[in-house]
Amino acid sequence: MSAERWKEDEVLLERLRKGAPEAVTELLRLFQGKIFNLAMSILKNESDAEEATQDVFMTVIRKADTFKGNSALYSWMYRICVNTCLMRLRGKRRNDTVSIEEFMPVFTEEGMHASPMDDWSKEVERKALNEELGQMIRKFTDQLSEKYKVVFVLSDVEGLSNEETAQILGLTVPAVKSRLHRARLYLREQLSRYLLEGKAG
Amino acid sequence: MLADYFDGSMDPRLREELDSHIALCEPCMRFAKTYRTTCDKTRELRMDIEYQIPQDVRSRLENFVRSAALKYPEMVKEYRDQAEREQREKVEGLILAAIAGKLSSITALLVETHCAICPVCKVYFDGLPRAGSPAPGAPPTVIHSHVTRLMESLPPGEEFFLA
Chain A
1 MSAERWKEDE VLLERLRKGA PEAVTELLRL FQGKIFNLAM SILKNESDAE EATQDVFMTV
61 IRKADTFKGN SALYSWMYRI CVNTCLMRLR GKRRNDTVSI EEFMPVFTEE GMHASPMDDW
121 SKEVERKALN EELGQMIRKF TDQLSEKYKV VFVLSDVEGL SNEETAQILG LTVPAVKSRL
181 HRARLYLREQ LSRYLLEGKA G
Chain B
1 MLADYFDGSM DPRLREELDS HIALCEPCMR FAKTYRTTCD KTRELRMDIE YQIPQDVRSR
61 LENFVRSAAL KYPEMVKEYR DQAEREQREK VEGLILAAIA GKLSSITALL VETHCAICPV
121 CKVYFDGLPR AGSPAPGAPP TVIHSHVTRL MESLPPGEEF FLA
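Protein chains in written order, with the numbering used here: chain A, 1 to 201; chain B, 1 to 163.
Think of the hints as simulated: they come from the structure by calculation, not from any bench.
There's no promise every hint is true.
Stated by the list, open to error - BS3-like cross-link-like pairs, simulated, lysine-lysine; straight-line CA separation at most 27 Å:
(1) LYS77(B) / LYS90(B)
(2) LYS18(A) / LYS77(B)
(3) LYS139(A) / LYS77(B)
(4) LYS147(A) / LYS90(B)
(5) LYS102(B) / LYS34(A)
(6) LYS34(A) / LYS122(A)
(7) LYS44(A) / LYS18(A)
As the list claims (entries may be wrong) - One side of the interface only, derived from the structure: several residues of chain A facing chain B at Cβ under 8 Å:
(8) LEU30
(9) MET40
(10) ASN83
(11) VAL124
(12) ALA128
(13) GLY134
(14) GLN135
(15) ILE137
(16) LEU169
(17) GLY170
(18) LEU171
(19) GLU197
Every value quoted in this text rests on a predicted model; they were computed, and no experiment measured them.
Glycine is no exception: its CB is placed at the ideal position from the N, C-alpha and C atoms.
Please work from the sequences and hints to get the whole structure.
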């Protein structure tokens with residue numbers, strides 16, 4: 001984390017502790033979208049995500065004093081968000097997530113790819129597809145259990161490093177890489193089926 | 001390991017071997033291309049993938065947060081006291097769970113590992129009364145702070161006790 005970033009975080013926190021209204025606006029501007037999105041990806045409905053988001057900001061304000069600055073502000077907030085959402089999810093396990101195993105690549109005894117492999121990489125370059133593609137990616141990854149979904153959102157959507165993601169989730173880096181890879185394999189396979197069905201249909 | 005190939009952290013010699021294979025193997029080449037495209041597109045399309053916060057949620061959030069923040073200076077002492085109380089309760093809860101033999105396996109391991117290198121905590125935890133005896137009072141400050149730090153390294157959502 002850069003020294004300027006740390007300084008900006010510190011300044012914002014200081015202003016928050018004093019109850020400065022512009023600091024609140026700034027905090028919301030910086031984080032409300034990201035926190036809501038992360039909450040949605042874990043809780044999967046707007047009403048829970050809204051409550052969780054409020055809880056997160058409430059916690060941040062309450063603990064603005066005790067935050068030690070040993071991680072970036074956004075890292076800390078993401079961690080609070082994940083904690084808050086997982087607590088809410090406890091006892092509410094849903095069973096409408098997919099089994100990721102069904103979408104892993106299959107190999108023959110000789111180690112070759114068993115299913116036909118099509119290269120659709122050029123086709124999705126067309127900008128016209130973007131919005132639809134984005135929504136399909138969201139739809140497919142929504143079906144993943146939180147274990148994979150959260151890693152996917154933090155790493156591949158939000159662009160955090162493996163180390164940052166690991167720190168936020170309390171996982172080792174290899175665990176992050178492994179879950180991320182499986183989420184990507186799953187998504188690659190879903191996109192493959194979707195794009196090829198379009199052609200066949 | 002394949003994950004390492006795609007994020008560039010694979011051992012160079014291994015990567016070279018894999019590169020050579022991919023150059024000659026059509027299915028693997030297609031797999032690699034579509035894998036990379038999946039990742040690139042996800043990053044590129046994040047605005048379409050992210051759930052956008054609806055306007056009404058945004059307004060309610062703003063009102064909520066503002067009123068909380070405005071009260072912050074008055075509430076500071078109360079927030080601090082509350083935070084301290086919560087933390088004390090958590091630490092005491094962990095100690096009680098340790099006495100009852102109900103620590104989660106991760107927590108038990110963390111405690112054990114810590115006590116192996118911290119003589120003060122080792123003495124404290126070894127000297128805890130058996131289950132059924134009167135509960136010990138609040139732990140000494142040093143124990144409190146070590147246990148606090150230990151609990152901070154639990155993964156998010158992880159409870160320290162066995163349900």
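Go through the numbered hints given earlier and state which of them the structure violates, listing their numbers in rising order. 3, 5, 6, 7, 8, 12, 19
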